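Here the protein sequences come in this chain order: A and B.
Its first residue numbered 13, the first sequence is counted upward by one per residue in the numbering used here.
Its first residue numbered 4, the second sequence is counted upward by one per residue in the numbering used here.
Hints listed in this document are in silico derivations from the structure and should not be mistaken for laboratory results.
Treat the hints with care, since some could be wrong.
As the list claims (entries may be wrong) - With a Cα cut of at most 25 Å, we get these calculated DMTMM-like pairs of lysine to aspartate or glutamate:
id: 1; chain 1: B; residue 1: 29; chain 2: A; residue 2: 215
id: 2; chain 1: A; residue 1: 207; chain 2: A; residue 2: 185
id: 3; chain 1: B; residue 1: 94; chain 2: A; residue 2: 51
id: 4; chain 1: B; residue 1: 74; chain 2: A; residue 2: 56
id: 5; chain 1: B; residue 1: 94; chain 2: A; residue 2: 218
id: 6; chain 1: A; residue 1: 252; chain 2: B; residue 2: 21
id: 7; chain 1: B; residue 1: 94; chain 2: A; residue 2: 215
id: 8; chain 1: A; residue 1: 207; chain 2: A; residue 2: 174
id: 9; chain 1: B; residue 1: 94; chain 2: A; residue 2: 193
id: 10; chain 1: B; residue 1: 74; chain 2: B; residue 2: 45
id: 11; chain 1: B; residue 1: 74; chain 2: A; residue 2: 51
id: 12; chain 1: B; residue 1: 29; chain 2: A; residue 2: 92
id: 13; chain 1: A; residue 1: 176; chain 2: A; residue 2: 134
id: 14; chain 1: A; residue 1: 252; chain 2: A; residue 2: 174
id: 15; chain 1: B; residue 1: 74; chain 2: A; residue 2: 29
id: 16; chain 1: B; residue 1: 74; chain 2: A; residue 2: 185
id: 17; chain 1: A; residue 1: 260; chain 2: A; residue 2: 141
id: 18; chain 1: A; residue 1: 207; chain 2: B; residue 2: 21
id: 19; chain 1: A; residue 1: 161; chain 2: B; residue 2: 86
id: 20; chain 1: A; residue 1: 207; chain 2: B; residue 2: 45
id: 21; chain 1: B; residue 1: 94; chain 2: A; residue 2: 59
id: 22; chain 1: A; residue 1: 207; chain 2: B; residue 2: 67
id: 23; chain 1: B; residue 1: 29; chain 2: A; residue 2: 193
As the list claims (entries may be wrong) - The following residues of chain A were derived to be distant from chain B, with all beta-carbon distances above 12 Å:
id: 24; residue: 27
id: 25; residue: 51
id: 26; residue: 63
id: 27; residue: 89
id: 28; residue: 177
id: 29; residue: 253
In this text the structure is predicted, and so the values were computed from the model without any measurement.
For every residue, glycine included, the Cβ atom is placed at its ideal position computed from N, Cα and C.
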Amino acid sequence: MDYIEPHAHMISRTMDDYQQMALTGCVALSEPAFWAGWDRQSADSFEDYFRQLTEFEPTRAAQFGIQHYTWLCLNPKEGENRDMARQVLARIPKFLERPNVLGIGEIGLNRNTLREMETLRDHIALAIEHRSMILIHTPHLEDKYKGTKLIIRTLQSFQNLDPKRVMIDHAEEHTIEMIRDNGFRCGLTLYPNTKVSLARAADIIEMHSAEGIYVNSACDWGFSVPVAIPQFIMEMRRRKHSEATIRKVVYENPIAFFSQVPNFNLARASESVPRNLKELVYVD
Amino acid sequence: MGNIDSCCPLPLHRIVDEYFAESRNKLLELAAFFDRLDRACDAADPDGEFRVVALKRAARVLLEPGPQRVKRMALMLSDPTEEPRGYLDRKAAWGAYSGNGEGV
Ligand SMILES: [Zn+2]
Numbered sequence: 013m014d015y016i017e018p019h020a021h022m023i024s025r026t027m028d029d030y031q032q033m034a035l036t037g038c039v040a041l042s043e044p045a046f047w048a049g050w051d052r053q054s055a056d057s058f059e060d061y062f063r064q065l066t067e068f069e070p071t072r073a074a075q076f077g078i079q080h081y082t083w084l085c086l087n088p089k090e091g092e093n094r095d096m097a098r099q100v101l102a103r104i105p106k107f108l109e110r111p112n113v114l115g116i117g118e119i120g121l122n123r124n125t126l127r128e129m130e131t132l133r134d135h136i137a138l139a140i141e142h143r144s145m146i147l148i149h150t151p152h153l154e155d156k157y158k159g160t161k162l163i164i165r166t167l168q169s170f171q172n173l174d175p176k177r178v179m180i181d182h183a184e185e186h187t188i189e190m191i192r193d194n195g196f197r198c199g200l201t202l203y204p205n206t207k208v209s210l211a212r213a214a215d216i217i218e219m220h221s222a223e224g225i226y227v228n229s230a231c232d233w234g235f236s237v238p239v240a241i242p243q244f245i246m247e248m249r250r251r252k253h254s255e256a257t258i259r260k261v262v263y264e265n266p267i268a269f270f271s272q273v274p275n276f277n278l279a280r281a282s283e284s285v286p287r288n289l290k291e292l293v294y295v296d
Numbered sequence: 004m005g006n007i008d009s010c011c012p013l014p015l016h017r018i019v020d021e022y023f024a025e026s027r028n029k030l031l032e033l034a035a036f037f038d039r040l041d042r043a044c045d046a047a048d049p050d051g052e053f054r055v056v057a058l059k060r061a062a063r064v065l066l067e068p069g070p071q072r073v074k075r076m077a078l079m080l081s082d083p084t085e086e087p088r089g090y091l092d093r094k095a096a097w098g099a100y101s102g103n104g105e106g107v
């Protein structure tokens, strides 16, 4: 079954991972800007990262026939550094017009601090100014419930923000209702060990319906599974869910959400992107 | 509230067939974790660790009637406070609420 991976940090992954994703039916993916695992030292580092996300990574993906889209921001793990956030935010607008950019993300909260909240607000304001969609990272573990509430309250403090253009990701059993009841789109992240499993994601969809929900691997440099979505497809088939329901979650819902941005065009194929890395960079 | 009555497409005996062995194993893994804590080389009291206490408290929900046991457990392991933290205590979450929304 064709699928779309809406949340994958591919700069941390190898060509082998791209190959596995392509072999299992991945036709497009979106890569939110994320933490490098350590704090960057300058806004220049972010600029290089944004170039990687908008130039190099789409080319790598195109080699496997996968469309690569992206989201730009200073992530919540570094949101505490207000000075850095201001410098990075000033550099984002010039990248927003690039052809694979879907919007601002993944922004949100990490430990629910006051400074993280300020950085979140600045990003939302930037998104509204540029009529960009938003991808939200909700905090983990004990911080998730409070953080999701704070994020929703912050989003709602902005007038003219259409919740249908905001995806709130890493939802769990105790946060999904507040996300959907307030009109936001909802992402479930499939984790190998410590958070929502394949089975729990299927449970959540059974209990709350497949409307406006997508699943993702959020694969990055940590323990994560780039082919978590095809594994989820198998989990749903194990339970005898219809192919139509599965397709809605792994293909139609991400398309419906992304299609609100003119840049997203599944029919375009990857022709506008050089398929050969050597056209763009020197590779041994 | 979502439609929590939506059913799993499998009949009960098939759910048990599919998920019993792995669920049994997860329960034994949890027991092994508690046993391991008792065998810690410093003989420290496991109940002196807020995460262990929180996990034991949440485990009681397992035997309570449904629905939404997962949600109830997750809420028991969550920070219930409303206001943002004044400062960043650490980058990563603990997994259970320490009792102090301002951080440990
Ligand atoms: Zn992510």
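To see whether the hints hold, each was checked on the structure:
no., hint, in the structure
1, 29(B) x 215(A), "holds (17 Å)"
2, 207(A) x 185(A), "holds (11 Å)"
3, 94(B) x 51(A), "holds (11 Å)"
4, 74(B) x 56(A), "violated (42 Å)"
5, 94(B) x 218(A), "violated (34 Å)"
6, 252(A) x 21(B), "holds (12 Å)"
7, 94(B) x 215(A), "violated (30 Å)"
8, 207(A) x 174(A), "violated (29 Å)"
9, 94(B) x 193(A), "violated (30 Å)"
10, 74(B) x 45(B), "violated (35 Å)"
11, 74(B) x 51(A), "violated (33 Å)"
12, 29(B) x 92(A), "violated (37 Å)"
13, 176(A) x 134(A), "holds (20 Å)"
14, 252(A) x 174(A), "violated (35 Å)"
15, 74(B) x 29(A), "violated (33 Å)"
16, 74(B) x 185(A), "holds (5 Å)"
17, 260(A) x 141(A), "violated (31 Å)"
18, 207(A) x 21(B), "holds (21 Å)"
19, 161(A) x 86(B), "holds (10 Å)"
20, 207(A) x 45(B), "violated (30 Å)"
21, 94(B) x 59(A), "holds (23 Å)"
22, 207(A) x 67(B), "holds (22 Å)"
23, 29(B) x 193(A), "violated (33 Å)"
24, 27, "holds (30 Å)"
25, 51, "violated (9 Å)"
26, 63, "holds (26 Å)"
27, 89, "violated (6 Å)"
28, 177, "holds (22 Å)"
29, 253, "violated (6 Å)"
Hint compliance for this structure: hints 4, 5, 7, 8, 9, 10, 11, 12, 14, 15, 17, 20, 23, 25, 27 and 29 are broken, all remaining hints hold.
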